[in-house]
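For the protein sequence lines, the chains are F and B, in the order given. Position in the first sequence counted from 1, then plus 247, gives you the working numbering. -1 is the number that the working numbering gives to position 9 of the second sequence; each next residue is one higher, with no gaps.
Simulated from the structure, these hints should not be mistaken for lab results. From the three backbone atoms N, C-alpha and C, an ideal C-beta is built for every residue, glycine too. Treat the hints loosely; a few may be bogus.
Stated by the list, open to error - Quick list of simulated restraints, FRET-style, between CB atoms: (1) F:Leu509 x B:Ser246: 35 to 41 Å; (2) B:Asp135 x F:Thr322: 46 to 52 Å; (3) B:Arg266 x F:Lys760: 32 to 38 Å; (4) F:Lys538 x B:Gln9: 39 to 45 Å; (5) F:Ser777 x B:Leu8: 46 to 52 Å; (6) F:Ala392 x B:Asp167: 20 to 26 Å; (7) F:Val301 x B:Asp135: 49 to 55 Å; (8) F:Ala315 x B:Leu77: 36 to 42 Å.
Stated by the list, open to error - Below 20 Å or equal to it, Euclidean Cα-Cα: the simulated EDC-like pairs (lysine to aspartate or glutamate) are: (9) F:Lys760 x B:Asp(-1); (10) F:Lys677 x F:Asp656; (11) F:Lys760 x F:Asp780; (12) F:Lys756 x B:Asp135; (13) F:Lys756 x F:Glu735; (14) F:Lys756 x B:Asp137; (15) F:Lys679 x F:Asp656.
Claimed, not checked - Sample of chain F residues lacking proximity to chain B, with all beta carbon distances greater than 10 Å (derived): (16) Gly498; (17) Ser613; (18) Leu623.
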Amino acid sequence: MLALEFMRNAFIAGGCIALAAGLVGYFVVLRNQVFTADALGHTAFTGSLGGLLVGLNLLAGVFGSCIAVALAIGTLGGRGRGRDVAIGTVFAWVLGLGVLFLSLYTSSRSAASGTLGISVLFGSILGLQPLQVVVSSTTGALTSAVLLVVARPLLFLSVDPEVALSRGVPARALTALFLVLVAVTVAESVQAVGALLIFALMVTPAAIAQNLSARPWFGLALSAVIAVVVVWAGLVLSFYMSYPASFLITGLAFALYLASRLRRQVALVLAVFVLSACGLTPQPSNVGSGKVEVVAAENFWGSIASQVGGDRVHVTSIIVNPDTDPHDYDPTPADARLIARAGYVIVNGAGYDAWATKLLAANPVSGRKVLTVSELLGKKEGDNPHFWYSPAYVDQVIGRMASDLGTQDGATRYRSVGLKDYHDTLGAIKTKYAGRKVGATESIFAYVAEATMLDLVTPASYLNAISEGTDPTAADKATVERQIASKEITVFVFNSQNSTPEVQGLVAKARAKRIAVVTITETMSPAGASFQDWQAAQLKGLLNALGG
Amino acid sequence: MPEQGPSWDVLADLQLLLQFHFMQNAYMAGTLVALLAGVAGYFVVLRGQSFAAHTLSQVGFPGAAAGVLLHVSPVLGLIAFCVAAALGIGWRGRDVEAGNRAEAATVGSILAFSLGLGLLFFRLYAGSAQGIYAFLFGSILGIADRDVQVTLAVAVAGFAVLAWMGRPLIFASVDPDVAEARGVPVRALSIGFLVVLALTVAITVQIVGTLLIFALLVAPGATALQLTARPAVGLLTSVVLSVAFTWGGLALAYFSAFPVGFFITSLAFGAYVATRGLRFARA
């Protein structure tokens, strides 16, 4: 497990973050400033996105905004009934602002807002980039050190402020310093567990410690130890089970908290639960002898690779479940292991499977070859990434795979025999129906329309928005509805794997208007089909809908 | 941008806004939500329970996710979890207070766990991040007819209950000890109100999401209470504000390309700050 770089990074960064969070969090709970931490979590969300939007690094945005807001809270400060409402309203607005920033940032880069938003909100400890690891570890260590230096006067000030003041403890300076420490700790915890789950690291371990002991120094140490244990145990569990790391960390913290309140009974129940969960053993890896281990991010490229490579390769695809959305897929440690052990990796690129690119970067392996389809085709992020729907691009990919794997004859056979039906159907559509107006729910169909010379009249901005999972503009929605209502299109192509309730509503309307609806899918469906069978079946459906 | 932008002709703008079914649904559901949230929200602020509202909405999040996972309507999942949480809070007898140190830590831990649980359920469903995102921040352009029906049912039920307990509730909120002495069933009212609040939260999440609930459920009531101490006027003001934020937010989102959550929170925040500022200036 520790042989994998991404796990080592997670342990190092996670450990330093947890140490700082446990120490600082102890005082946060002691000083009853728990909701300052929550407010700073909201700030972290908006700050990171704001920073990205103006072209800064995400880290600069999050640290800068948290420190600024913490000091502002310190100056304005105070609690009480009226304050709750004011603070809540302010921070709801701060989050709303973050939503705006996210929307602006992702639309200007045609990225999926959901993925970035979720990784800021829920953390991505298994996907930390080298810079993040360095920054987290150093700030975590520094924060812990500084806190330990001021711990004594801070404790004094927190427990008995009046006496502390009279004894000359520099209250204002110390309070300000503490707020900065809290801000920095929140900002770095965001990378590990996300802006929403900060409590799990900064409050729960401290609360557990304070439940177990009233002695301050012991409690402080206990808080730090619990935080680190919870993060490391959560990481280990996430490696062997396929659950999100941030959930496991939060869950463990919460379970321990319950145990500390209810002691014996809960501890027993928990022990049983944990032991049974540990009964899940890791999957053995499957390495064929002498064959090249090929890993494809998506099963359509995997299918092509296995037919081009034949006996020379053993192919595993990561996205195989038709219900999984490749745009927002959250890779598991099992996937990272696959990529770390592969000899040849195929990735779509152009922002479609950014998670795969990140896994590759987090696990550099010498001698491994990578085929990034978008690079081969000269496409970049922002271009329509659905290359496997274009016969011309598929042909280029086959050519490159053949030369990479050394199987030219396999490729030739595949092109002439395997793909014959596929090419024939495309040709039939082009010959009979070129120029016919059709509509689609998203950009996945665009390359097919090009290849068959059908006239795709749905606005491009609408197609892109649905494909990326952002909201289309109301204007585009209105256009699409008009095209259906007036029967301008004769066929409506629907991607059933990327459908929101509103898209389904459109499909229902099209059907009501007796417009033929053709269903296509993003990844191979059924999962066991071959690339050519899947595509040919869909194209035949399209041909039928157009009129046979 | 739409073919025709907004103009100074309000009637023409309205026609544009309501031309299409999805906007009609958005306005219907949004108005129902705003009406109930305006009334319930006034009581929330009066009773100092804004924190409970926040808790209910976050604990409801895994409910929405569970609903999606079990292929039932997420709103039903939300209702189930929110009402269960409301009963849990009410049963403790003492209200959740943000000021108390141990309480804050406990509730904070529960909130974090709820969000983590919601994340787990979404991942189990192999759902998209966009799906989670929509529940956290609201997404107005995809409200189906079924959702409007559920919202109507919940809103009617909520109103009926609030109308029935309105007067004793005000009494119990403003002066609980005297009310108790006069025979008002304060505890039963508390629990009843929390259940209504749970229902309100569940339908409001459709519009603004679990994280931005304050904008519709607290800000209008808080602003109203800044402006007047009289309950009848206050309730009316709260409702008017809540509806105004929703209608305004929807219209702004329709005519620009920006998310509705941003507009509603900004309108709510703006109004609140403006009234606080006015009071400050007057004082």
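Inset, instruction - Tell me, in ascending order, the numbers of any earlier hints that this structure violates. - result: Hint check: 1, 3, 4, 6, 7, 9, 10, 11, 15 and 16 fail, others pass.
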